[in-house]
Amino acid sequence: MSNYDFDIIVVGSGMSGGWAAKEFSEKGFKTLVLDRGKPLEHGDYPTESMPPWEMPNRGRVNSDEVERDYYMVKRCYAFSEYTKPYFINDRENPYEFPEDKPFEWIRSARVGGKSQLWHRQSYRWGEQDFEANARDGHGCDWPIRYDDVKPWYDYVERFAGISGGYENMPQLPDSVFQKPHEMTQLEKDARVRIEAAYPGRRVIMGRTAHLTEPTEEQLDLGRGQCQSRNECQRGCSWGGFFSSLAATLPAARRTGNMTLKPNAIVHSVLHDESTGKATGVRVIDTETKEASIITARVIFMCASTIATTQVLMNSRSAKYPNGIGNTSGVLGHYLMDHVMGPGAMARFTGYEGFYYKGRRPTGIYVPRFMNISEPTDRYLRGFGYQGGSWRNGWTDEGRRQGLGGDFKDAFSKPGDWWFGLSGFGEMLPARENHIALDFNRLDGNGMPIIQISCDVGENSRRMGKDMVDKAVEMLKAAGGQDIQFSGDLDAPGLAIHEVGTARMGRDPKDSYLNGFNQSHEVANLFVTDGAAFASIACQNPSLTFMALTARAADYAATQIQAGVL
Amino acid sequence: MGMELDRRRLLMGLSALMGGMLSPVAVKALDTATDIPADAGFRSFDENEVALMRAVIDTMLPATETPSATGVGVDLYIDHMLAAVLSAEEGAAVKRSLKRIDAAIPGFVDKTAAEQQALLSVIDGQMWQETPEAEEYRAFKSLAIVGYFTSEIGATVALAFDPVPGPFHNGTTREFSRTWAS
Numbered sequence: 026m027s028n029y030d031f032d033i034i035v036v037g038s039g040m041s042g043g044w045a046a047k048e049f050s051e052k053g054f055k056t057l058v059l060d061r062g063k064p065l066e067h068g069d070y071p072t073e074s075m076p077p078w079e080m081p082n083r084g085r086v087n088s089d090e091v092e093r094d095y096y097m098v099k100r101c102y103a104f105s106e107y108t109k110p111y112f113i114n115d116r117e118n119p120y121e122f123p124e125d126k127p128f129e130w131i132r133s134a135r136v137g138g139k140s141q142l143w144h145r146q147s148y149r150w151g152e153q154d155f156e157a158n159a160r161d162g163h164g165c166d167w168p169i170r171y172d173d174v175k176p177w178y179d180y181v182e183r184f185a186g187i188s189g190g191y192e193n194m195p196q197l198p199d200s201v202f203q204k205p206h207e208m209t210q211l212e213k214d215a216r217v218r219i220e221a222a223y224p225g226r227r228v229i230m231g232r233t234a235h236l237t238e239p240t241e242e243q244l245d246l247g248r249g250q251c252q253s254r255n256e257c258q259r260g261c262s263w264g265g266f267f268s269s270l271a272a273t274l275p276a277a278r279r280t281g282n283m284t285l286k287p288n289a290i291v292h293s294v295l296h297d298e299s300t301g302k303a304t305g306v307r308v309i310d311t312e313t314k315e316a317s318i319i320t321a322r323v324i325f326m327c328a329s330t331i332a333t334t335q336v337l338m339n340s341r342s343a344k345y346p347n348g349i350g351n352t353s354g355v356l357g358h359y360l361m362d363h364v365m366g367p368g369a370m371a372r373f374t375g376y377e378g379f380y381y382k383g384r385r386p387t388g389i390y391v392p393r394f395m396n397i398s399e400p401t402d403r404y405l406r407g408f409g410y411q412g413g414s415w416r417n418g419w420t421d422e423g424r425r426q427g428l429g430g431d432f433k434d435a436f437s438k439p440g441d442w443w444f445g446l447s448g449f450g451e452m453l454p455a456r457e458n459h460i461a462l463d464f465n466r467l468d469g470n471g472m473p474i475i476q477i478s479c480d481v482g483e484n485s486r487r488m489g490k491d492m493v494d495k496a497v498e499m500l501k502a503a504g505g506q507d508i509q510f511s512g513d514l515d516a517p518g519l520a521i522h523e524v525g526t527a528r529m530g531r532d533p534k535d536s537y538l539n540g541f542n543q544s545h546e547v548a549n550l551f552v553t554d555g556a557a558f559a560s561i562a563c564q565n566p567s568l569t570f571m572a573l574t575a576r577a578a579d580y581a582a583t584q585i586q587a588g589v590l
Numbered sequence: 732m733g734m735e736l737d738r739r740r741l742l743m744g745l746s747a748l749m750g751g752m753l754s755p756v757a758v759k760a761l762d763t764a765t766d767i768p769a770d771a772g773f774r775s776f777d778e779n780e781v782a783l784m785r786a787v788i789d790t791m792l793p794a795t796e797t798p799s800a801t802g803v804g805v806d807l808y809i810d811h812m813l814a815a816v817l818s819a820e821e822g823a824a825v826k827r828s829l830k831r832i833d834a835a836i837p838g839f840v841d842k843t844a845a846e847q848q849a850l851l852s853v854i855d856g857q858m859w860q861e862t863p864e865a866e867e868y869r870a871f872k873s874l875a876i877v878g879y880f881t882s883e884i885g886a887t888v889a890l891a892f893d894p895v896p897g898p899f900h901n902g903t904t905r906e907f908s909r910t911w912a913s
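Each protein sequence line maps, in turn, to chains A and B.
No gaps in the numbering here: position 97 of the first sequence is 122 in my numbering, and each next residue is one more.
No gaps in the numbering here: position 36 of the second sequence is 767 in my numbering, and each next residue is one more.
Note that these hints are calculated values from the structure, not bench results.
One or more of the hints may lead you astray.
Unchecked claim - Below 20 Å or equal to it, Euclidean Cα-Cα: the simulated SDA-like pairs (lysine to any residue) are:
| # | chain 1 | residue 1 | chain 2 | residue 2 |
| --- | --- | --- | --- | --- |
| 1 | B | Lys830 | B | Ala814 |
| 2 | A | Lys99 | B | Glu821 |
| 3 | A | Lys534 | A | Ala159 |
| 4 | A | Lys438 | B | Ala912 |
| 5 | A | Lys204 | B | Asn901 |
| 6 | A | Lys438 | B | Glu883 |
| 7 | A | Lys302 | A | Pro346 |
| 8 | B | Lys842 | A | Gly429 |
| 9 | A | Lys99 | B | Glu820 |
| 10 | A | Lys438 | B | Thr795 |
| 11 | A | Lys438 | B | Phe892 |
Isolated chain A (complex conformation) (with noise of 0.2 Å):
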């Protein structure tokens, strides 16, 4: 191993990346991991726990820097001015699309990726999700099934700590769970409701990264219980959700074998035609722009789907000038989000005199029933909804009519209750909607400019309308009043669920990975991040990046103790 720079190279170090720097360093392998982010140490999060009135800008961002540098993450429900320093600055990393095709790219700018920045929301994939591109013709077919990855559903789950109640549903197969956090009295009374009015449908407690019930390893990395403060995106120093920087970054750091460079964007992936394998990775310093080499057996990309495909289509060669690893052509293809916008909300009165204490970072889910219970003709697949119940506090501000002291008194007073339910839906994978890039403009780090065409597509769009009749319906069957509800759809993009363009499969003519991640031309270069989905679920998608990565570094190693890579 000693013609390398280092055993593995890890390229990002987000969801994914973190499990692949933690499972290499555990096995014993000398492992750099590279983000393009700036440094950011666990614990040194300057925003958490500040009371709004310490803000100085009481947790709005100027409206100009908005517009100015920001105009793209601004729509992602967590920015704010407690946040912002872990977006990234959009106008210093250009991308494009067609005026037509919006694709709301949302991007973190800081070490520990997305993972700082997620809703943590946690679902297994059930059967039916491997086995749809097989059974309806879309998209290729995924050459694993359920079987296949439920053994690192298991083993990610323990360290990572999911929270979640045993359902024993086919479709959403349970996790390892800690236990769930607590449904209100409405989502109690409502869940029993819509499911005798709609049988085949379920409210469950939402399933999510957060500890309840930390075990041993878990206070052993320094994490403790989740205290309900549901300010997460600013950083929990308590490690009390998952995250890179709480949980699988240290778990690498504690053994000495991971190197960790942060300000390091990834330019190319080196290739060697006589060997056939990768070399190494060409690296741009964000800082000082300087381009250094550096060499390593096994490669494994983690830095988000369309930035892991933007290195590898831009790692060109004589034998791979469309990228490497491509001679298919499918390279950047099949880029997929879920179908967001559609829901509903309404009012519910009988509960004036219940309230709850502590910020629940999760709500209820609805996993998906339509095409599994409920078949229809109009759609293919089928979509799940989160959602939960709420009393209005102050910050309806803006509908309140009135001035004076009763009206500013109101405020102190609890207000109306309401449920609401968002759909989250599988869009079909189509060849059309793919990454391309521009090699006549490079942006400030030398990275030649991506070009996103993306549309969500007729299925998806029939899907939505019933996503908002769906919930309608069972909001009525609640009991709900006053029901608002909107169809629209939001851009791909928003529901930072992306992935796809580097599809697993069966077929190297039409796929780039195959069962274990593994490029089908290229043995040692890996793609373990959103990138290698062949379909995209319903459900979230991180808990699925987690035990994918985690399965194909343990195949890797087992290939490099046998000599193979």
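Knowing the structure of chain A, use the given hints to seat chain B on it.
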């Protein structure tokens, strides 16, 4: 100053209800309620505008058991928002809203609190259409309310502030009678 004394008495009473001792924040509330300097160095408003803005936000959010808008520094907050946070156009909209109130109710500043409330209530009642004027008025009113409830006294005395709640659990409004600040 009779009103200031009432407010002090009410705050003391509130404190008594809350357990008989003045919390550090309640003490601060008393200080803030009585010690706002006449000229705190406004950057975005001239003297007349400050007087009008204070009169308007204190009519929207007058002193009750808790201090008025000006009493918790909402005037300074709005000034800061115009100076450092809002775009030029957003800031101009705030000023237009104040000018419209000034034009509709001449001499607003010098009227009694009861007159101010009666007259501004009429305008408030007309501001629910989708006109630019109405939207600007509502944006201004929102600014005042957000400034109030993100202030220390607004968040911790008018509302209930809980930085570290511990595990989420259900309860009743007998246990948790005030709106959570966040």
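A quick look at each hint next to the structure:
1. B:Lys830 to B:Ala814: holds (18 Å)
2. A:Lys99 to B:Glu821: Given pair A:Lys99, B:Glu821 holds - Cα atoms ~17 Å apart, limit 20 Å.
3. A:Lys534 to A:Ala159: Given that 20 Å is the threshold and the Cα spacing comes to 16 Å, the pair holds.
4. A:Lys438 to B:Ala912: Distance of about 11 Å is within 20 Å: holds.
5. A:Lys204 to B:Asn901: holds (16 Å)
6. A:Lys438 to B:Glu883: holds (18 Å)
7. A:Lys302 to A:Pro346: With a Cα-Cα distance of about 16 Å, the restraint between A:Lys302 and A:Pro346 holds, given a limit of 20 Å.
8. B:Lys842 to A:Gly429: holds (15 Å)
9. A:Lys99 to B:Glu820: Holds, because 19 Å separates the two Cα atoms, which is no more than 20 Å.
10. A:Lys438 to B:Thr795: Roughly 14 Å between the alpha carbons, so the hint for A:Lys438 and B:Thr795 holds.
11. A:Lys438 to B:Phe892: Satisfied, since the Cα-Cα distance of roughly 13 Å is no more than 20 Å.
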